[in-house]
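Model the full assembly from the supplied sequences, consistent with the hints where possible.
Protein chains in written order, with the numbering used here: chain H, 5 to 347; chain W, 5 to 347; chain X, 5 to 347; chain L, 5 to 347.
Treat the hints as calculated values from the structure; they're not laboratory data.
Some hints here could point you the wrong way.
Copies of the same chain are indistinguishable here, so a pair counts whether it falls within one copy or spans any two.
[Said to hold, decoys possible] Restricting the straight-line Cα-Cα distance to at most 20 angstroms, the calculated cross-link-like pairs of lysine to aspartate or glutamate (DMTMM-like) are:
1) K231 x D172
2) K67 x D93
3) K231 x E302
4) K115 x E302
5) K192 x E48
6) K7 x E140
7) K7 x E167
8) K231 x D305
9) K67 x E48
10) K192 x E41
11) K97 x D259
12) K108 x E48
Number of protein chains: 4
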Amino acid sequence: MIKVGIVGATGYTGVELLRLLAMHPEVELKTVTSRGEAGKPVSELFPSLRGHLDICFSVPDAKTLAACDVVFFATPHGVAHGLARPLMDAGVKIIDLSADFRIKDIALWEKWYGQTHGAPELAEQAVYGLPETNREQIAAAQLVACPGCYPTAVQLGLLPLLEHELVDASSLIADCKSGVSGGGRGAKVGSLMCESADSMKAYAVGAHRHSPEIVQQLSLTSIQPVKLTFVPHLSPMIRGIHATLYARLNVEDVDIQSLYEQRYINEPFVDVMPFGSTPETRSVRGSNYCRIGIHRPEGGDLLVICSVIDNLTKGSSGQAIQIMNLMFGLPEQTAINQPALLP
Amino acid sequence: MIKVGIVGATGYTGVELLRLLAMHPEVELKTVTSRGEAGKPVSELFPSLRGHLDICFSVPDAKTLAACDVVFFATPHGVAHGLARPLMDAGVKIIDLSADFRIKDIALWEKWYGQTHGAPELAEQAVYGLPETNREQIAAAQLVACPGCYPTAVQLGLLPLLEHELVDASSLIADCKSGVSGGGRGAKVGSLMCESADSMKAYAVGAHRHSPEIVQQLSLTSIQPVKLTFVPHLSPMIRGIHATLYARLNVEDVDIQSLYEQRYINEPFVDVMPFGSTPETRSVRGSNYCRIGIHRPEGGDLLVICSVIDNLTKGSSGQAIQIMNLMFGLPEQTAINQPALLP
Amino acid sequence: MIKVGIVGATGYTGVELLRLLAMHPEVELKTVTSRGEAGKPVSELFPSLRGHLDICFSVPDAKTLAACDVVFFATPHGVAHGLARPLMDAGVKIIDLSADFRIKDIALWEKWYGQTHGAPELAEQAVYGLPETNREQIAAAQLVACPGCYPTAVQLGLLPLLEHELVDASSLIADCKSGVSGGGRGAKVGSLMCESADSMKAYAVGAHRHSPEIVQQLSLTSIQPVKLTFVPHLSPMIRGIHATLYARLNVEDVDIQSLYEQRYINEPFVDVMPFGSTPETRSVRGSNYCRIGIHRPEGGDLLVICSVIDNLTKGSSGQAIQIMNLMFGLPEQTAINQPALLP
Amino acid sequence: MIKVGIVGATGYTGVELLRLLAMHPEVELKTVTSRGEAGKPVSELFPSLRGHLDICFSVPDAKTLAACDVVFFATPHGVAHGLARPLMDAGVKIIDLSADFRIKDIALWEKWYGQTHGAPELAEQAVYGLPETNREQIAAAQLVACPGCYPTAVQLGLLPLLEHELVDASSLIADCKSGVSGGGRGAKVGSLMCESADSMKAYAVGAHRHSPEIVQQLSLTSIQPVKLTFVPHLSPMIRGIHATLYARLNVEDVDIQSLYEQRYINEPFVDVMPFGSTPETRSVRGSNYCRIGIHRPEGGDLLVICSVIDNLTKGSSGQAIQIMNLMFGLPEQTAINQPALLP
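Laid out in structure tokens, this is it:
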């Protein structure tokens, strides 16, 4: 059994992690920390876990965490910077769901996250945890940065095109729609039911923190410099990301559909749907899948790729478990193989 | 492996059954019938099942069904009447999710369902499939009538009181709120998003078909004749039933909380929460639990019991699998033990 | 033109008041106060008002307020206690949307609201602002306490029965479902979209602050002592209250439908629907109506009354304007006569 | 008083028209037709109109319609083709909310709408009813084609750019998100609450009927041929369209914000928000406004324009009344000047 610790599990990625870990046959949950909720049973904060978890939140304890095989960080940005090093020295594997280790360029991280980077040397060492590009590195890593939700949907939707240099990398557009859970469980006016239900709006147009992450990763596979216009929208749903991706072909005769199908043929969690499909976010609700539908309106040179994930599962906690499975040599789909909840 | 057939799986109870059976380790799905969708892959109608089910809908075939170990009916009322007998003669076990075999009084059934009963002799033989009252009979049965969604929530909420004759059985009130999926996947104006979202209304006040079912079953444990005022409400959510139950105590000194805890102490899917809890329907979303919160406002004689289930899981397809597990001697929680999807 | 001031307009009752006042032909909005938002244009906080209001939030100023003909308080409980007296001395009329002056029994108010009452003498003087019972007193009042949302729906639904002593006043039940806006615009975890959407729960069972208000007012018309079990539920919608009321008849031959129709025949905002109707909350969304549907299941002695309002309109700001119209001798329906927004 | 008839008022544009006309001071509603609902009070189908409309649906009667000053068609495509001519001969003005007269190219209309055009000569005569481009022609017209919902949002968002030839007209992208009411009140599985709530999907990618309408109208102001990629999305909300528009600048030094502000300075229903604003659809819910926010990410050459309307108001019935006001010389804002319903 893998001894697991979770630092900071009071948010939505936390409860999603607990939901999935509770059914993981190889996991023993040793500690779940929260300074604010210390002493309270986890299932009191999240009654959905009653009958599945008998553990209480506790103040983070270095010794207890160091005795774990792996520690997940589901913390605000900056926290893992300080806590990761001693755990790693103790031999613990780290899976960080925050943005602390996603960006390699320290100055860039500091610019977008508005704070000093607390562990630049670890950022270099960290493996970016997208299994579809980094499976082997993840398996061998001690520290993995779990990708952001938007970056997961956008990368999986664009990768085959960039890997084959089929599109103009300098004019990419990602028009993304996210459920409100992407904003977290914090008490913010903008996330209130009466502010976000039955309405739609863009936000952080061209200025979202996931933008540099996407560009960094896409650039690794693109010869041409990547320029992306990223426009996220707050959508009146709980979970789900729908990325609508626009890319202009620079070749004519190419079977895009086959390309995608070949690229992902061995990927357990990427589903390339038949050409012209329009995947619904609910078709991945609570599941670890990314579903992709490819369109080429009027046979023109502008491709429209629809890529949908559950932001809390493949976009965060499900992917984190996929990473853990890889790091511990378990079958990659363990505990994250269930179909979506529909309706 | 248990060879399973499903008759009529194009509705919400159907897709929920498929979602759960897809993960059942002892089940082999042999046939999924639908006249209207025959020939179409199940996962085309329900893309959430892509990667999990490789089967197509087919026209119901007597021979194929007769070769199954168990056949689920997820059909409109009346259909199972005609199809059950030959399958039973062939030794097939039947789990009927429709109302065809729930009511013992044939005339009563005909009055409420507005059609002639097609199999009175089977109605007598059928076991009412609420495991919390009929576990042994279910295990031994060949034909089980899966309880309705409202009846499940209401019975589990009231049973301990009636079993101990603690309340006035002639003045029971069940004020119930159901998600829209309770109305099925049929194309009806009243179930449209723009008709049912962001609104609340009562319907079928004192005249809902689940009323005679509840009264029949509660009467089995009550010495006093049962009279129930049942008021269902259409609530703007996809899944979930919240039953708010009002019952007047006829004794004074009684520890209701302990009574409930004792009654359900060995029930894997009934969760008696601490006294005064207010269970949320989302705490059981997609799970097979019933959570119960008990209230006694101002210590008076009117009890308020909150009982919540997911209408498609414990209220239908999850319970159907619980029944199947019992009928085949499997651990009762197999394939239906996952926590709720929250948020 | 009536010179109007609003104290504390950053919440949902505030923006609803502004929406309606913006179209009131006899109103000149002189000041809208908010300490937190002082200096910011009202239409910046509420872009829905762009093009309709050119005013900025300002710090409450005694002189400016005293120059108004009427001041609305849309403030947290306790604020109006301190501010009302000097304004009244200056001849200003006060319409208080908070609970500060709703309860006549000072000790009772202090018990339920957990603070010392700041203006007991005004509580005595204040008129309870339900036009359907207090039209003349409101017209003559200087200080009116605008009823709570639940109390409005419950009183209008039960009044005719109690006025004629037709039901057992000691066993009343109000099972109420409210939209999330009833919880206000404050940043609270429980009001987040991801906590309250697609779910249903009871709260404050038998312990809601509106309970003593309802009992106080119903008692005024009931000879028999009133005992009410009040169970509010948080419902996944933005606006709306659905009160399902249970009352036991103590007479046999009575035409309840006619009774209600007669009682409300001259009420512009109470709509008694045909017997057996099930009013939807969306049928009053954004409007000042209360719609009532009367049921007598199986012709028995338990009446089921469905009473629906928009909690922010008839349940608060619309009613406040109805009160203002009465206080200033305007046609009662001015500016609040529009139909509901449906769908 | 203007004598008004409505043909086909059982859908969402119908009830929206009725909601707004009910408050129009210059309108007398003479007839509301529906073959299916003939004889039923309009307010029975739409209880939100109780107390406002005393009229019953009736079978369309040529004589009654011909006695009207203006007739609105809120009918399925093709119906107005057959009925408009005789009414026009009788001197009646026609405002058609369907697509029957929006497209000038008859062959194009027939291709996209899959039926023979029933009145080509009227299509030529019809005025396209976007007041922001065609105010004078509308005022003088006898037959006006009310623009589609998407076309309204997209045109208002792009017009200033095309009028000044500032962008590459051959690479326009409109990524649009619509509420479910855009799909109408017909009983379709895809519009069910349980199919469309809490989910997001694209549909008719590059193949939506509003595409030729948009291109036709934009082409009128663009010297360069217009090529538009139009990707509509079904969004889990009742009302609202959010058009996110991407256009590539072909000039460098230009103050886009001023350009928009100048273009719409006299438009009562187009609100150009401050540069960088992200309008919410709820800020126009139930109102006739279009709100626009302009973005230029990183000061680059790709403009992002956010344009929001209520699809049933400015996108249909509100605009129809704006058209009527123009046709009858009334103040343009009559009866459609109310602020949005928020929250």
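Do the hints match the structure? See the list:
1. Both within a single protomer and between protomers do K231 and D172 lie at most 20 angstroms apart by alpha-carbon distance, with minima of 9 angstroms and 18 angstroms respectively.
2. Taking CA atoms no more than 20 angstroms apart as the test, K67 paired with D93 passes inside one copy only; the shortest distance there is 12 angstroms, against 65 angstroms between copies.
3. Proximity of K231 to E302 under the C-alpha cut-off of 20 angstroms is restricted to the inter-copy arrangement: shortest distance 11 angstroms between copies versus 25 angstroms within a copy.
4. In this assembly of identical chains, K115 and E302 lie within 20 angstroms of each other by CA distance solely across copies; the values are 15 angstroms between and 41 angstroms within a copy.
5. Proximity of K192 to E48 under the C-alpha cut-off of 20 angstroms is restricted to the inter-copy arrangement: shortest distance 18 angstroms between copies versus 22 angstroms within a copy.
6. Taking identical chains as interchangeable, the C-alpha atoms of K7 and E140 are never at most 20 angstroms apart, the minima being 22 angstroms within one chain and 39 angstroms between chains.
7. Proximity of K7 and E167 under a CA criterion of 20 angstroms is satisfied in neither setting, with 38 angstroms inside one chain copy and 45 angstroms between copies.
8. Taking identical chains as interchangeable, the C-alpha atoms of K231 and D305 lie at most 20 angstroms apart whether they share a chain (18 angstroms) or sit on different chains (12 angstroms).
9. For the identical chains of this complex, K67 and E48 are neighbours neither inside a copy (25 angstroms) nor across copies (51 angstroms), given an alpha-carbon limit of 20 angstroms.
10. In this assembly of identical chains, the alpha carbons of K192 and E41 lie at most 20 angstroms apart whether taken from the same copy (19 angstroms) or from different copies (16 angstroms).
11. With identical chains, the CA atoms of K97 and D259 are never at most 20 angstroms apart, being 41 angstroms at best within one copy and 49 angstroms at best between copies.
12. Proximity of K108 and E48 under a CA criterion of 20 angstroms is satisfied in neither setting, with 39 angstroms inside one chain copy and 38 angstroms between copies.
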